[in-house]
Each structure stands twice: as structure tokens, then as C-alpha cells.
Amino acid sequence: MAENILQIENLITSFETEAGWLRAVDKVNFEVPKGETVGIVGESGCGKSVTAMSIVRLLPQPMGQILGGSIHFDGKELTKLDRKEMIDIRGNDIGVIFQEPMTALNPSHRIGKQISEVFLLHTNMSKKEAWEASIEILRKVKIPSPERRVGEYPHQLSGGMRQRVVIAMALACNPKLLIADEPTTALDVTVQAQIIDLIEELQRDIGMSVILITHDLGVIAQACDHVVVMYAGRVVEKAPVKELFANPQHAYTKGLLASIPTLDTPRKSELNTIPGNVASIHDFVKGCRFCQRLDVPVDELTERPEFREISSGHWVEICPRCFEV
Amino acid sequence: MSENLLEIDRLKMHFPITGGVMLKQVASVKAVDDISLFIRHGETLGLVGESGCGKSTLGKCAVRLNTPTDGKIIFDGQDITHAKPSKLRGVRRDMQMIFQDPAESLDPRMSVRAIIEEAFAIQKIGVRKERYDKVKYLLDRVGLPTSAIDKFPFEFSGGQRQRIGIARAIALNPKLVIADEPVSALDVSVQSQVLNLMMELQREMNLAYLFIAHDLAVVKHISDRVAVMYLGKIVELADADAIYKNPKHAYTKALLSAIPIPDPLIKKQRILLEGDVPSPIDPPAGSAFGHRISHSRYEETIGMDLSLVEIEKDHWVAADPCCLEEVDYQKASSLRDRGTAEAL
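From first to last, the protein sequence lines stand for chains R and Y. With my numbering applied, the first sequence corresponds to residues 1 to 325, in that order. With my numbering applied, the second sequence corresponds to residues 1001 to 1344, in that order.
Bear in mind the hints are in silico, worked out from the structure with no lab data behind them. As the structure is a computational prediction, the values presented were derived from the model and not from experiment. Some hints here could point you the wrong way.
Quick look at which bits of chain R chain Y covers, simulated, 3 or more residues with Cβ under 8 Å [as the list claims (entries may be wrong)]: (1) 101 to 115; (2) 191 to 205; (3) 210 to 220.
Some chain R residues close to chain Y (C-beta under 7 Å, calculated; not the full set) [claimed, not checked]: (4) Glu-43; (5) His-122; (6) Lys-268; (7) Glu-270; (8) Ile-274; (9) Asn-277.
In this text, a Cβ means the ideal position worked out from N, Cα and C, and glycines have one as well.
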């Protein structure tokens, strides 16, 4: 089995609010093998972004805190590092692509200056060298005429181009791990296809691992090797991608797969739905949270279901109602 | 009464761009450029295209939220292209909109009751008690509990808010609903609930939808016919099954090939499009898509009539040598020439 570049064990991330500490990420376990792509899928508010931001410690401060568990990355324990050590890793060993390319870029600085910043922080390059390196990296993410673009401002670029710039910044120092948080959600399908292909190509070139966070199961199927399904702050199922799509086990995963219309679904037929809505984080029960959505009485949901490996690499939360043996 | 509920004829919507000290018009954004289409009673016309191609503008023109620069809009037999506000108010009873982001399209300071009742107030329908009963009925109809009536939008999840938006849209028994990306802000599991509701209401009330979206799988599912839009123009229009099984236009093919299929065993051969949609301020003189893919026959298309021709029954496509296969283009151009001859 391939070595893991990242191993997350029992991660707990909470937010302090007026109502007390709320656990957005509740004992999450998963790993990222070297050179492979792991997709995290789930509905908004399921904790997928918070998990990712916990890895690079970009949680909103001071409310967001990692309260337990470990994040093991490339021989280091990230939860034990101080702020300065974390800065060394962020942008250098771990690159991050955020969802909205307009807000991830500073509108008042030239593209080149923003990319140069990464080089100036993590390497010994001079300003001039960093500017040259920025042009090179823009060329690598296939921005046409990079010599001209490097001196432009974000508003002069289209959405797809801006996302390429964000990718260029994330990849500037050849990271070992790239975290892409909904990198294509704000983009059109045609541009989405370009970006996904670009990430795959660069991954092959520099051998990095990728965590791809998305709610689009199509993107997961096309781009990932492993899938982690999150629901209400927990991982309910994880498996290699082919196994998960061929043999989904948890009722939530099944419901999710059944409810997307594909080009083969008969037209105007009734779509499968998952009844109810995700409970608010204030009301999370201890027991199975998917049962909570399906209106199982709360007093029956006192015990957290065991997370067990049912076949090689395929883990499921074993809730008697959500998982049929 | 004609068979078509809405007819749009050679519609143009150009927005002026002003500049300089005197704010002279220096250019215009050709958001909708010479579009003709129709929607039958009770059918769904899907409208797809990339962001910035003008699909929302077309939707707004259809309900006259924009006054078009040129062309005609005929709704239910009446020409509403330049109708006065007083006349429009009557017509708008029959045409409603559902918006993309339910969080932003509902007034946060109005209760659900006030939001839905507003429609009756504007149209001066019913008295207080009748309105109240109707709101309760509508909430029930869209699958919300009656207790929702005195709550405010922030108390609901995204899917529930979109249901409120739908309740408001159907309150006056409209004939046409323009749905502008109604499910793209919703999670997958909630998206299917809302789509089911929309299909159910259509069957029951004989609603016609103009369904604007960028998710092609969703559009295919809900639509009877689909129009593909590129840079202010419709490039292909056909029965939903036909457009997906037998796309003719290169842009339609590229769009279809870009949809990620939720099955890891199928690795698709994607037609990768380089670049982005060109700016509608200064569109290429010839075939806009031919220009994007730098087609060798682009020069030919400058000044050419690229309007839609019916290449197969109910299957319309732009007669564009850059975007059609040779056989199709031969057929399309001969049809176009014949059409022009007849018109003369």
C-alpha cells in the first residue's frame, strides 16, 4: 500500500459561540496516499471546508479551535506546530486553492506581485527573480501571454483565468499536498473541465497529492482516487472511488447518488430525494445524524455508530438503520 | 388563442456603455442579439449557456423587466414589447419569476405571509381572510408547514426558502414562470426535491417554464425543448432528447462533453475548449464560436447569415460552416438559401 502523505485521526474542530462550543468537525478520520487524489463530498455545512482549513490552520480566529485529534503530515504533527512553523508549511509544502477566485485575490495588487509574494516568503529569490518565476508559473498553468498578464490586475481577467492565477500561487513552491476547496464551483462547465484537467496534469508533473472538496459527484467520479463522504460534521463513508460508486453502503451516500439527474435518467421522471433537511449544528445529536434527518426520535439516537472497515479500504458508519448488512 | 404562450421575434437587447466627460454612448453590450423563440402552453423550454452569454437578460426581457432595444415579445396573443406599466401589471399576473438565490430574493424583513400576500395586494385580489387562507394553501402546496406563515426567511434552509420563492411565484396561477437558475444554489439532495416540486406543479397547473440553468443534466431532465445560447445568440434549439443524443452544433457538443459524469468507470473524451466566452461588447464579426476555436473557415462567416434553420424536424441549428459537420452544413446552407429565396 502506498505511503500516506497526510493522516488525520479523530480530528475535532469547534467554534466558540454564545451557545457554547459547537463541534463543526466531530472526530474525523481519513488519509491521503502519496500522489493520489482524495475527494471530500458533502452538503453545505457538513464540515468539509472546516476540515480542510484545520489542516492548514486557517480557521477564523479566535473562535475556531482544534480541540482534539491529530493531523500527521509528511513526518510532522501539524497540531503541535506554532504559528511560525505553520507559515513555513503553508504555501510551501501545502498549497491551497479557495472557492471564489475573486475574493482569494487582492484586487489592488498586480497578479505578479501576488504570486511573487509566495516566492519571497519561502525562497531566497530577489524581487526580480520572483517576478520572472511568476511569469514561468503562469505559463505552466497555461495563461496565454503571461509576460503581459503578470502586470495586470485581477479584474482584468475572466473567472477561469483568475482561478488559474490562484492555482499558480498554490503551486508556486511545488507543494507536496494541494487542498482545493470547491475550485470549480463558481465556474462554467467548460472552464471547470479545463481546470480539473490542469490540476490532474500538474499533479502528474510534480507528483503531489490532492484533496479535492466539492459537492459535485460528477467531479469526484472523474478526478478522484478515493472518496470521503461527510455528513453533519462526520465521515459516514469512505472508499476507493470505483468501490464507492459501484457499492455505496450508507443510506446517505446511496440517497446522494440516486438524487442526481444524469443524461440517462428518463426525462421528467420523478427524481429520488432524501427527505428532510440537515439538522442545524445547534441540534446535532450524539447518535446517527442521518437518522435525525429522517425523523427518528432523538432519544433513540444516543450512541454514535461505530466506523468500521467492511471490506478493504471501504469504511462505513455502522448505524442499524442507515446501513444494511 | 394561439398554441404558443410566448413568442419572441428577433429580439435585441443592447445595453449602452457611456464614457468620457459628456457621457456619450461609446459602445454597447449586445447581451441578446437577434433571438427568436416560442414557448407553448404547459411546456418547459430549457435555456443553457455559459455565464455572460445573455440567458438571464433574455429571461428578464421575456417578462419585460428589461425593455428590449428591438424586436417583439408577444405574450398570450398580446404584443407587450412596449406595453405601458398599467397594462403590464395585468399581464404580469400571468408571468412570474423564480430567482437563483432564495436568500437574496426574499426581503429579510418581511414575514412569509407578507411575502406571498404581496402578490394579492398588488393585484387587488381578495380580502384579508381570503388572502390568509390562500397563503396557507400555497405553503401546504409547496410542502412547507402551516407554522411557517409567521416566520421570516432567515429561519429557513436554502431549499425551504426556494419553496417560499416558488409559492410566491405560483400565487396568482400564472401561465408562465421564468426560473433563473432555481436550483444551482442548492445542495444535491435538496435540488431534487425542488425539481420534483416544479414538475408536479407544472402538471397540475399547466405551467410553462423558461428554465435557465448551466447544469445540462438538470436542464435535460426538466425540459421538453432546449435552447443553447452562445454570446447573445441561440445556436441550437431542439427537442431535449434530440439535442443530447444528436447534437449538431460544435458548441453544444463541447458543452455536453464537459459535463462530469458521476461514474468513475466512464472516462470521457472531453472536447476541451480553450479560452473563455468573448466579450459581448465587441463580438467577433463572424461566427463567435468559430472565432473562439480559431476555425479555418472563420473568415468565410464574416457577413454571412448565421440564423437558425430547421435541419431536421423541430431541430434548429445555426447554419455555420465552423460549427457543423460538412454534411449538416451543406444541408443547412441549402435550407437557408431556400428560406431566403422564399422570403424574397
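Hints that the structure is at odds with (numbers, increasing): Checked against the structure, the hints that fail are numbers 1, 5, while the rest are satisfied.
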